[in-house]
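Number of protein chains: 2
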Amino acid sequence: MKAEYIAIGTELLIGHVVNTNAAYLSEELNAIGISTYYHVTVGDNHERIIDSLKLAASRSDIIICTGGLGPTSDDITHEVIADFAEAPLLENAQQKEIIKAKFLKTKRAIPENNFKQAMIPENSIIIPNPVGTAVGIILDYHYKVSETEIKSVKIITFPGVPCEMEAMFQATVKDYLADYLREQETVGAIVSEKIKFINIGESRMAELIGDEIFAGANPSVAPYATLGECYVRITSKAASEAEAYELMQPVKQQIEEKMQDYIYAYGDLTVPELLAAKLKENSLSIAFAESCTGGLLSKAMTDLPGASAYTKLNLVTYSNEAKVEILGVEEQSLDEFGAVSEEVAKEMALGLEKISKADINVSITGIAGPDGGSEDKPVGTIFIAINYREQLVSQQLDWYARTLSRAQVRELACLKTLYEVLKLLNSSNP
Amino acid sequence: MKAEYIAIGTELLIGHVVNTNAAYLSEELNAIGISTYYHVTVGDNHERIIDSLKLAASRSDIIICTGGLGPTSDDITHEVIADFAEAPLLENAQQKEIIKAKFLKTKRAIPENNFKQAMIPENSIIIPNPVGTAVGIILDYHYKVSETEIKSVKIITFPGVPCEMEAMFQATVKDYLADYLREQETVGAIVSEKIKFINIGESRMAELIGDEIFAGANPSVAPYATLGECYVRITSKAASEAEAYELMQPVKQQIEEKMQDYIYAYGDLTVPELLAAKLKENSLSIAFAESCTGGLLSKAMTDLPGASAYTKLNLVTYSNEAKVEILGVEEQSLDEFGAVSEEVAKEMALGLEKISKADINVSITGIAGPDGGSEDKPVGTIFIAINYREQLVSQQLDWYARTLSRAQVRELACLKTLYEVLKLLNSSNP
Numbered sequence: 248m249k250a251e252y253i254a255i256g257t258e259l260l261i262g263h264v265v266n267t268n269a270a271y272l273s274e275e276l277n278a279i280g281i282s283t284y285y286h287v288t289v290g291d292n293h294e295r296i297i298d299s300l301k302l303a304a305s306r307s308d309i310i311i312c313t314g315g316l317g318p319t320s321d322d323i324t325h326e327v328i329a330d331f332a333e334a335p336l337l338e339n340a341q342q343k344e345i346i347k348a349k350f351l352k353t354k355r356a357i358p359e360n361n362f363k364q365a366m367i368p369e370n371s372i373i374i375p376n377p378v379g380t381a382v383g384i385i386l387d388y389h390y391k392v393s394e395t396e397i398k399s400v401k402i403i404t405f406p407g408v409p410c411e412m413e414a415m416f417q418a419t420v421k422d423y424l425a426d427y428l429r430e431q432e433t434v435g436a437i438v439s440e441k442i443k444f445i446n447i448g449e450s451r452m453a454e455l456i457g458d459e460i461f462a463g464a465n466p467s468v469a470p471y472a473t474l475g476e477c478y479v480r481i482t483s484k485a486a487s488e489a490e491a492y493e494l495m496q497p498v499k500q501q502i503e504e505k506m507q508d509y510i511y512a513y514g515d516l517t518v519p520e521l522l523a524a525k526l527k528e529n530s531l532s533i534a535f536a537e538s539c540t541g542g543l544l545s546k547a548m549t550d551l552p553g554a555s556a557y558t559k560l561n562l563v564t565y566s567n568e569a570k571v572e573i574l575g576v577e578e579q580s581l582d583e584f585g586a587v588s589e590e591v592a593k594e595m596a597l598g599l600e601k602i603s604k605a606d607i608n609v610s611i612t613g614i615a616g617p618d619g620g621s622e623d624k625p626v627g628t629i630f631i632a633i634n635y636r637e638q639l640v641s642q643q644l645d646w647y648a649r650t651l652s653r654a655q656v657r658e659l660a661c662l663k664t665l666y667e668v669l670k671l672l673n674s675s676n677p
Numbered sequence: 248m249k250a251e252y253i254a255i256g257t258e259l260l261i262g263h264v265v266n267t268n269a270a271y272l273s274e275e276l277n278a279i280g281i282s283t284y285y286h287v288t289v290g291d292n293h294e295r296i297i298d299s300l301k302l303a304a305s306r307s308d309i310i311i312c313t314g315g316l317g318p319t320s321d322d323i324t325h326e327v328i329a330d331f332a333e334a335p336l337l338e339n340a341q342q343k344e345i346i347k348a349k350f351l352k353t354k355r356a357i358p359e360n361n362f363k364q365a366m367i368p369e370n371s372i373i374i375p376n377p378v379g380t381a382v383g384i385i386l387d388y389h390y391k392v393s394e395t396e397i398k399s400v401k402i403i404t405f406p407g408v409p410c411e412m413e414a415m416f417q418a419t420v421k422d423y424l425a426d427y428l429r430e431q432e433t434v435g436a437i438v439s440e441k442i443k444f445i446n447i448g449e450s451r452m453a454e455l456i457g458d459e460i461f462a463g464a465n466p467s468v469a470p471y472a473t474l475g476e477c478y479v480r481i482t483s484k485a486a487s488e489a490e491a492y493e494l495m496q497p498v499k500q501q502i503e504e505k506m507q508d509y510i511y512a513y514g515d516l517t518v519p520e521l522l523a524a525k526l527k528e529n530s531l532s533i534a535f536a537e538s539c540t541g542g543l544l545s546k547a548m549t550d551l552p553g554a555s556a557y558t559k560l561n562l563v564t565y566s567n568e569a570k571v572e573i574l575g576v577e578e579q580s581l582d583e584f585g586a587v588s589e590e591v592a593k594e595m596a597l598g599l600e601k602i603s604k605a606d607i608n609v610s611i612t613g614i615a616g617p618d619g620g621s622e623d624k625p626v627g628t629i630f631i632a633i634n635y636r637e638q639l640v641s642q643q644l645d646w647y648a649r650t651l652s653r654a655q656v657r658e659l660a661c662l663k664t665l666y667e668v669l670k671l672l673n674s675s676n677p
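Chains as they are written, first to last, in this note's numbering: chain D, 248 to 677; chain P, 248 to 677.
Watch out, some of these pointers could steer you wrong.
Since copy identity is lost for identical chains, a pair holds within one copy or between any two.
[What the hints assert, rightly or not] Here are the computed lysine to aspartate or glutamate pairs in the DMTMM-like style, where the Cα-Cα straight-line distance is at most 20 Å:
1) K505 x D330
2) K441 x E454
3) K401 x D298
4) K499 x E394
5) K349 x E454
6) K527 x E568
7) K347 x D618
8) K505 x E359
9) K527 x D618
10) K343 x E600
11) K401 x E430
12) K398 x E333
13) K349 x D645
14) K421 x E274
15) K484 x E459
16) K601 x E568
17) K401 x E528
18) K670 x E572
19) K499 x E658
20) K347 x E454
21) K343 x E359
None of these hints come from the bench; they were simulated from the model.
With the sequences and hints as input, model every part of the structure.
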């Protein structure tokens with residue numbers, strides 16, 4: 248069962264929107280055993296959408312479209328599909344009422360063009376939208392491959408707004424497609440596992456693991472890299488889930504042996520999530536005094552639901568004054584070593600404990616750029632200190648020499664700092 | 248001059264990476280007058296990459312590929328292009344030396360497979376990579392459309408890592424393509440302007456502006472929406488830049504009249520950037536005491552270079568204790584109104600001034616979810632207070648009823664809070 252994803256919207260082709268739907272849908276489809284072979288993005292143009300649908304129908308079994316379901320004149324997805332599949336648009340009375348009711352609830356006037364969203368290609372199943380007024384459809388499209396053969400292709404549409412698409416996928420489409428696959432009996436079991444590594448580059452990882460492992464077809468092993476981390480995904484297919492897991496084991500063990508120094512997680516858990524779990528498990532609180540990261544550490548740890556279990560107070564002491572007045576850093580240390588120094592990082596972490604009363608007190612000071620660097624302390628020079636129990640550990644963060652943007656320096660510093668805290672907790676059995 | 252973008256990488260098709268390169272390249276190409284008509288994503292599969300190149304060559308003049316230039320066995324982009332364009336891979340001695348030198352500098356051992364990155368299709372121009380070891384190429388591919396007609400297509404490759412691709416595009420490819428276009432004399436002048444609106448939904452914006460304006464071809468007007476904001480982009484083409492600007496004016500004025508209550512910016516300036524400029528212009532400092540946003544406001548304002556001009560100290564007072572002990576919020580107010588209340592927001596902003604000594608003191612308290620909501624105060628209930636000069640203004644943030652995630656509630660609260668501060672400063676002529 249091959250899926251193809253078509254994103255519709257000129258805004259994507261002129262680069263004003265990053266398409267996050269492609270990744271979301273591909274991952275969700277993959278998880279229910281549907282492989283996506285192509286992503287295509289096309290503008291709000293009748294002819295080119297038709298061409299893309301035609302090509303997709305010739306090589307795929309399921310076509311998933313996002314975008315072009317809004318009320319404005321360039322939203323033409325259902326109109327084009329109606330044309331392509333010869334399924335004329337019909338006004339859906341129920342949908343019209345739903346649109347009316349939604350606007351009544353928000354006490355806003357109903358823009359007349361919103362009723363366009365009640366025009367649905369004939370014979371479609373409607374995918375309700377729990378969030379907005381744009382509904383999607385599931386439409387079976389049949390065409391003659393030859394005189395004797397008819398091919399059926401499912402066309403599924405979603406709005407382009409990610410939270411609407413996601414809500415609709417989860418509430419309606421996921422189960423629908425899983426049932427459809429079972430009916431077609433095309434899927435055995437597919438299982439897939441991710442092993443995450445830190446403090447190693449992608450090419451070194453590839454060499455350690457070796458070409459032979461990456462060349463395998465079942466299980467297949469694919470390498471990935473993101474800012475500061477890399478990982479592999481092992482995927483295996485078999486008649487049952489248990490068999491698929493068993494099939495995966497030898498390769499998994501080989502990778503674990505070769506990469507033992509770098510493994511930090513299995514699955515999708517992130518460094519902040521692992522640290523949060525560790526803190527909760529041991530009823531520890533944590534506090535940050537940030538300079539160069541300006542709130543990023545605090546944000547990262549409060550992005551997670553339930554952050555109040557370990558977060559009481561965090562400080563962004565951006566100026567020297569704040570470091571002196573709030574954290575009690577010595578003026579003399581600032582003069583002698585500079586604000587970006589291991590000494591100041593230590594004093595920040597010590598001072599933080601007095602005001603936060605947290606169990607773990609973490610400080611960071613550095614040069615995020617693009618300005619402020621010097622020969623001695625170039626952009627990317629960052630010191631951290633961790634004050635935990637009677638220990639005060641400090642270090643300069645190091646990373647591969649790379650041209651990093653301000654945002655990347657800050658992101659990477661945040662990741663590495665949280666990982667250092669996690670390592671310290673893991674090694675000291677809190 | 249039509250461009251087509253092909254992203255190569257199975258990781259994109261299984262949804263483990265969000266492709267940000269598509270938006271970046273499309274916007275950059277657009278800015279130099281090259282329209283992108285299609286984005287295609289294809290896996291690390293020889294045959295399907297060939298098919299995608301063939302289709303792209305038939306309908307586009309420039310093919311830009313990203314991904315598949317790494318050292319691992321699934322990185323096959325140059326190999327496939329060599330096949331497709333009949334340009335055999337040759338080892339480039341200079342490139343081999345560069346790879347050696349880069350690894351020497353980082354004092355890491357050179358993984359043997361990295362030398363694969365020195366294998367370059369014949370007759371290619373090399374695009375140096377100032378960041379990593381994967382170089383890109385520019386290759387002219389010629390094919391017979393008919394017995395008498397030969398078509399030339401430029402194939403350009405980049406690594407998939409965004410910072411590498413961006414550095415290579417800016418250092419080499421941008422000027423190369425701009426020169427190429429001038430040679431071909433296919434471009435007059437294209438100018439484009441963006442008008443940004445806040446506190447209005449996309450469909451209401453579309454209705455106010457009207458179908459007639461959106462139906463125009465030159466200038467063309469396209470509507471966009473992101474979380475909490477929407478905007479239009481007006482694009483016009485003419486022989487010269489001045490003429491293109493002139494052509495745009497009548498439509499621009501009509502939009503300005505219809506949308507005057509909602510305009511907050513022209514161009515790409517964001518709310519944090521506008522606020523930062525206002526603060527710098529008036530030598531004002533700002534401080535935040537955050538609860539539900541947990542550092543997001545502080546992060547947003549320190550994402551910008553030069554943030555030290557207005558940032559001295561920010562606090563994340565997540566717990567009630569921190570609100571009482573650090574900000575001096577009354578225990579009684581917490582008991583009577585709850586931590587999420589207008590009263591507590593006010594006390595936070597008043598207390599913050601004493602510790603921050605900043606000119607503007609902003610507080611936020613609310614329920615970001617997914618837990619912690621109640622009938623009275625559902626998820627998304629957020630109060631802010633702004634303490635500026637003798638004024639203390641406070642309000643509950645309001646937004647359309649929507650199913651928002653924790654991350655979205657926090658992002659939107661951050662945007663709206665900063666916008667309220669900007670509005671207050673604009674109205675009080677600081």
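Outcome of the hint check:
| no. | hint | result |
| --- | --- | --- |
| 1 | K505 x D330 | neither (56 Å within a copy, 34 Å between copies) |
| 2 | K441 x E454 | within (18 Å within a copy, 47 Å between copies) |
| 3 | K401 x D298 | within (17 Å within a copy, 23 Å between copies) |
| 4 | K499 x E394 | neither (49 Å within a copy, 55 Å between copies) |
| 5 | K349 x E454 | between (56 Å within a copy, 17 Å between copies) |
| 6 | K527 x E568 | between (34 Å within a copy, 19 Å between copies) |
| 7 | K347 x D618 | neither (53 Å within a copy, 31 Å between copies) |
| 8 | K505 x E359 | between (63 Å within a copy, 17 Å between copies) |
| 9 | K527 x D618 | between (38 Å within a copy, 17 Å between copies) |
| 10 | K343 x E600 | neither (60 Å within a copy, 52 Å between copies) |
| 11 | K401 x E430 | within (14 Å within a copy, 46 Å between copies) |
| 12 | K398 x E333 | within (15 Å within a copy, 36 Å between copies) |
| 13 | K349 x D645 | between (53 Å within a copy, 17 Å between copies) |
| 14 | K421 x E274 | within (12 Å within a copy, 33 Å between copies) |
| 15 | K484 x E459 | within (19 Å within a copy, 54 Å between copies) |
| 16 | K601 x E568 | both (17 Å within a copy, 14 Å between copies) |
| 17 | K401 x E528 | neither (47 Å within a copy, 57 Å between copies) |
| 18 | K670 x E572 | neither (31 Å within a copy, 31 Å between copies) |
| 19 | K499 x E658 | neither (30 Å within a copy, 39 Å between copies) |
| 20 | K347 x E454 | between (60 Å within a copy, 16 Å between copies) |
| 21 | K343 x E359 | within (11 Å within a copy, 64 Å between copies) |
Comparing the model with each earlier hint shows violations of hints 1, 4, 7, 10, 17, 18 and 19; every other hint is respected.
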